[in-house]
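Peer 1: Read off the chains here:
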Amino acid sequence: MDPGSNQPSYSVSDLDRKARFVVLFLIFSGVFWLLFGTLLALFASLKMHLPDWLGTAGWLTFGRVRPLHLNTMVYGWASLTGAGVSLWMLSRLLKAPIMLRGYIVLAGVVWNIALLLGSIQILAGFSRGIEWLEFPVATMVAIVLCVIIISVSVLLMLINRRVKQLYVSVWYLIAAFLWFPLLGLVSSLPIFDTPTVQAGMNWWYAHNALGLWFTPVGLAAAYYFIPKVLGRPIYSYGLSLLGFWGLALFYNWNGFHHLIGGPVPTWFVTISISASVMMVIPVVVVAVNHHMTVVGSFRAVVNSPTLRFVVFAAMSYTFVSLQGAAQALRSFNEVIHFTHFVVAHAHIGMYAFVTMMLFGACYYIIPRVTMREWHSKGLIKWHFWLTAIGIIIYAGALQGIGVFQGFAMNDPEVPFTDTVTMTIPYLVARSVSGFLMTAGHLIFAWLMFRMVYRPGEQPASPLVWNKIREEFAS
Amino acid sequence: MSAGALVLVLSSLLIIGGGLALFLWAFFNGQFNDIQKGRMLPFDEEEPAGKRTDQIFQDKPSEPNEKQNKGEEQPCGPR
Amino acid sequence: MMRNTILLFGIIATFAIAMFGLTILPKMFIDKAVKEPDYYTPFEVTEGHRIFVREGCIYCHSKQVRAEGFGADFERGWGRASVATDYRNLLPHNLGTMRTGPDLANIGARQPGRDWHYLNLYQPRAINEHSIMPPFSWLFEVVSEDARPGDEGLRLPEAYRIPGMKVLPTDEAHSLVAYLISLDQQTAGVD
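Residue numbers (our numbering), protein chains in the order written: chain A, 1 to 474; chain B, 1 to 79; chain C, 1 to 191.
For reference, chain A alone in the conformation it holds in the complex (with noise of 0.2 Å):
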């Protein structure tokens, strides 16, 4: 078995051109789901310190739009942008174009109005009602056959591939679209039907969602934008490949502690205390992984739009994940469980990892695909540090208020009002981050439109139609 021995293979330009109407596709799909799912961050952040603004509006009620900004961030934004990024690195990996480009169009249109549909859904007042899993069965299902049509793609470039080994951001991506369609379909499955299984499922899915498909796409564009961008491999192919196993390992195994001190069998929640102990192992190999292709070029790093943003989330991973090994124990935990440090704590992850990783993704991706430049070096910079700034003092304030609020909660003395009250001015702070991040992402957005418009500029492709047509016949 010799892949591509009498196949044509293809120069890094040719894959970047045909991949060009596909990627752009999911990755404009998830930017207009940043912005939506934006709104309704502000308009949930608002409402935590001015409960009466928009009171009487029952569909934007505080229990409707946080669901609702949750889901749009996660199916919408990270999970589209995720799966372009991802096509990108797996066609330029593998050095085989996209496969079943039109399907995948396809499936992002299908992708877009299940959005819209369980966007709609949620407001009207038909949650699911289990955190992470808003979006009713239906909607939720089709979202995730959608991502099976991008894992058969996968597949099928995976054994149309033109190179013999598979570097380590494959692995991930792979396993990537593997577990994420399986952990979708096992989260819709009608069996959980007793209240605390189903609280088990729940966590198991969501702390996940997060491992088993946002972090290995992550973790796969920092393996292989950092090497890229640099110009020099990365430290130790070694450890990286012990970075995959342990998240393989152990990820899968988190989740439970979620519900310490909660209704279910103590066993299964140590089981997931350990892994999350565990979990250090993999992220300290990646961590150091990391930091020794770093280290040395500074000026590189800044110097590089998609290396600032790149090693920001990097270093977000690494401390992201300690801190979680950190929380799930059970003396940790009984502070901080119930408290607006747990809120931080995921915003870490989906945001200074995951959608800062996807954002250095993008200004890596996009010029390539379109052949343009970036329309201003000054307003990246703007997105750089207002993002940068925005996700630093959300995190600083909440997690320092958290600590407060569960020491205030534990302490029989102190009535509960109290807990609420002290923690509002920092829910004030919280609002301002947002707004930093929203004029980060407007920004971000402006910059991204203007790739893709620019009149008087004689577009060098076909038009939409057209170009759909001619990816169902390649």
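It should be emphasised that the hints constitute simulated quantities derived from the structure, not laboratory data.
Treat the numbers as computed from the prediction; the structure is a model and nothing was measured.
Cβ atoms here follow ideal geometry from the backbone N, Cα and C, with glycine treated the same way.
One should not assume that every hint holds.
Here are the simulated lysine-lysine pairs, DSSO-like style, with alpha carbons at most 30 Å apart [unchecked claim]:
{"hint": "1", "chain 1": "B", "residue 1": "Lys-37", "chain 2": "B", "residue 2": "Lys-51"}
{"hint": "2", "chain 1": "A", "residue 1": "Lys-18", "chain 2": "A", "residue 2": "Lys-164"}
{"hint": "3", "chain 1": "A", "residue 1": "Lys-381", "chain 2": "B", "residue 2": "Lys-51"}
{"hint": "4", "chain 1": "A", "residue 1": "Lys-381", "chain 2": "B", "residue 2": "Lys-37"}
{"hint": "5", "chain 1": "B", "residue 1": "Lys-37", "chain 2": "A", "residue 2": "Lys-377"}
{"hint": "6", "chain 1": "A", "residue 1": "Lys-377", "chain 2": "A", "residue 2": "Lys-18"}
{"hint": "7", "chain 1": "A", "residue 1": "Lys-18", "chain 2": "B", "residue 2": "Lys-51"}
{"hint": "8", "chain 1": "B", "residue 1": "Lys-37", "chain 2": "A", "residue 2": "Lys-18"}
{"hint": "9", "chain 1": "B", "residue 1": "Lys-51", "chain 2": "A", "residue 2": "Lys-377"}
Taking CB as the label site, the calculated pair distances span [unchecked claim]:
{"hint": "10", "chain 1": "A", "residue 1": "Leu-35", "chain 2": "C", "residue 2": "Arg-3", "range": "25 to 33 Å"}
{"hint": "11", "chain 1": "A", "residue 1": "Arg-450", "chain 2": "C", "residue 2": "Ala-147", "range": "28 to 36 Å"}
{"hint": "12", "chain 1": "A", "residue 1": "Arg-450", "chain 2": "C", "residue 2": "His-174", "range": "53 to 61 Å"}
{"hint": "13", "chain 1": "B", "residue 1": "Ser-12", "chain 2": "A", "residue 2": "Arg-450", "range": "24 to 32 Å"}
On the provided structure of chain A, position chains B and C as indicated by the hints.
Peer 2: Relative to the frame of chain A, chains B and C by itself:
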């Protein structure tokens, strides 16, 4: 309950044994020989190792890049 | 090809083992403990649960009490530790992860009065001026003072009263409050 425990112990032994067998196969098959060559996979003729990309905030594009590249010709890291 | 097969096998196997361990196994263990409920759940309570889910109460109120000695749940008077049989087998589960507001697993025992709940749902700041709970005014209707004689409406403080009008809970509010009052770990589920 004891039957359940037996199933658990046996299945975990099976899993560990399976993992060990695969690892031993991979080791003696030579899968771990020259493992470091995998790290050159992201590079290609258009964007080769030793050449920085995406340095768009650099004021003087050529000068510092060349200086850096001299040290980068032999990719560093452990063998 | 052998290498790819092992890679794919490893990816699927690690997932499948953990899935079995953390979803199927708990199901086998917990389902055995949660027997067929020997109590009757009125329609009003299941309907109230549906509204509880619809309005997303769970994003600020947990519904699980930790055992005495772990946190201060017991000392705050939130009751004994929750057990799997406390949840009346109502789906989706409402265990929750946040305590922006207090735990609700035992709210029926702490606040058994319907009027308190109606007032708190209509305008939480009428009860506690520092509350940041959203008002759920769409669960209520505002009618003229003369309409529906015999029904006085909510006893609102001066600041929240609407001149010439009174506020009446709708059926949805009735159900939601019935559900909240049913959350009483002294009686629910356990004999």
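Peer 1: When the structure is checked against the list of hints, which entries are broken? Sort them ascending.
Peer 2: 4, 5, 10, 11, 13
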